[in-house]
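Asker: Sequence:
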Amino acid sequence: MDAMEEELKCPVCGSLFKEPIILPCSHNVCLACARNIIVQTPEGETPPQNRCSGTSDYDYLDMDKMSMYSETDSGYGSYTPCLKSPNGVRVFPPALVHRHCSITCPLCHRSVSLDERGLRGFQRNRLLEAIVSRYQQSRAASVKCQLCDRNPVDATVMCEQCDVFYCAPCQQRCHPSRGPLAKHRLLPPTQAQAGNARPAGASARKQATCLDHEAENYSMYCVSCKTPVCYQCLEEGKHGKHDVKPLAAMWKQHKCQLSQALNGVSDKAKEAKEFLVQLKNLLQQIQENGVEFEACLVAQCDSLIEALTRQKAKLLTKVTKEKESKLKTVKDQITHCTMKLRQTTGMMEFCLEVIKENDPSGFLQISDALIKRVQASQEQWVKGALEPKVCPEFALTVNTDPLMQSILQLDFTQNKVPTAPLLQLEKCCMWNNSATLAWRITTVQALPVEGYVLELDDGNSGPYREVYVGKETICTVDGLHFNSSYNARVKAYNSAGVGAYCKVVVLKTSDVAWFTFDPTSAHRDIVLSNENQTVTCNSYDDRVVLGTAAFSKGVHYWELSVDRYDNHPDPAFGVARINTMKDMMLGKDDKAWAMYVDNNRSWFMHNNSHTNRAEGGITQGSTVGILLDLTKHTLTFFINKQQHGPVAFENLEGVFMPAVSLNRNVQVKLFILLKYKKYTIGF
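Going letter by letter, the sequence shown gives residues 1 to 683 in the UniProt record's numbering.
Misleading hints may appear alongside valid ones.
Said to hold, decoys possible - Quick list of in silico lysine to aspartate or glutamate cross-link-like pairs, EDC-like style, CA-CA up to 16 angstroms:
1. Lys389 <-> Asp332
2. Lys508 <-> Asp478
3. Lys553 <-> Asp478
Said to hold, decoys possible - Ranges between beta-carbon positions, derived for each pair:
4. Thr209 <-> Leu425: 53 to 59 angstroms
5. Gly14 <-> Asn358: 25 to 31 angstroms
6. Arg524 <-> Gln380: 50 to 56 angstroms
7. Cys429 <-> Glu379: 53 to 59 angstroms
8. Pro180 <-> Gln380: 49 to 55 angstroms
No lab work stands behind these hints, which were simulated from the structure alone. Here the structure is a predicted model, which is why all the values come from computation and not from measurement. Think of the CB as a built atom: it goes at the ideal place given N, C-alpha and C, for glycine as much as any other residue.
All chains should be built: construct the whole structure from the sequences, respecting the hints.
Answerer: Okay, here's the thing in structure tokens:
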């Protein structure tokens, strides 16, 4: 419960909450503290936002102790008492507060104007009040004497006026019941602890009433305003058009959300505890490795004592600095992680106490803020936050072979290869037959890296080949086979050599080639639309456009729908190399294989050779299908789902791209089919 105590302290007075109220920003302050931080706002002026001051004249704790003089009791003329709070705003005593007032949250510095109800317009945080009460009662059982010098014993009484706990001997010695002290009231510790707190569960047993209609109990929850409401609020129309749901249902829903959020942050807290153990072990390893390294260095220097006297001290200093730097880094990381873990643990314990409460409206008053806090707390344990910033090994060594000739230039040399990189799977992705891989060095990598080598196999469990060598930590590989699995691995290198490979990752290319027409390689007269799936042309001459996919293996089938067909032109459909001519009919050069067709007949064409005339043509609404079977190395054409002519081309080898040539009298649209007759594209 000690870690949770920070959640139960008022940000103004620093003590446990007493009669806490909820500010619009979801933070809490004691009711008495709220009266002390009310700010007078001149009529028509916007309440100050984030106003601050370099110094503060008085502390919040001194507010109720300051003597507020007026012209009535001082005789010094008209004087308006004005103090400065730690956030730099003017503070007026409650007696001077009028309807033009505002209050500024001491945590986020958000200001809000008070209405005619004043502080009564803020809801009482009954849930927090009950938790504070339970916390006080749990501590009361073990209250110790505050005046015992050594080994404090349990207190037997508490002076209400002195606010001090005494054991029996200290009470007789320091607070005898005689003289002026005889009038002080002594209470048992349990009663003293609970004197200013409401009984545990009292707020839960008492039904909460509406702030605007004190005779009405909360029964519904306004999702739009995120506040409990009563039936009268709905009848008066203030929340009539809002999204309103039953209080009990929303209570259960928000409890469930908070519980789910806590599960995530609980896992992070567990990892943080384990990480702290790892860091403490790391301290010991660094100490041991540092001592071992120093001993080795001294032994080498002693063997060359005459030549190494001046260099020995310098090298030892470097090692010591390296060790101290590592130790400081780990200690700082332990301190930082301990602080974050304590905050997270305190918040978790507080949230668990909140979940135990059976007050729906009270829970809903703070649940949104708690959920956000828990989610934010979970986000702070980002990937890499629970990794050591340094490694226990010292990346320094001494090569004694050439030192006799260059003793004055003796320094630490780097002869260790880098460790294996880590693939960042969350940044790796696949699209069609392209793969993007990203990697990084480990957080504790102390060795320099000059570059990386990315290797892929051939997609058929064959030998690996280098596809990238350089300093970048991200690489995209294009032109892979569809419906294939590739193994990829990365290694790092420096002047000392090449490091180990990372874990192999399997890259699965798309089962089906999803592609469109490619505007970057198309002839300038080509006009694309419909997200590059529909093509036509501005010219009366034939112009070529390619697809965005390239095929080298597998079975692929796609169709083109003839959306417009005027004056009986003869468009051509087929496949081509990426460097085919774009300003003539497809198939006239040796880099394209096509079928050109008019309204009555068709021909196959490659390298300007026309073959296999077939009767039957196309009209508006016709579909032309292209079947590229690279397992049989053939190309076949279809019109309106029926094979048109014999197999058009055989013995096709290499890389092919879908292609079309047309003029301004034709417009076609691209379709990609997963299945066609006995052919299954993909699996």
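Asker: For which of the previously enumerated hints does the structure constitute a violation, in increasing order of number?
Answerer: Checked against the structure, the only hint that fails is number 7, while the rest are satisfied.
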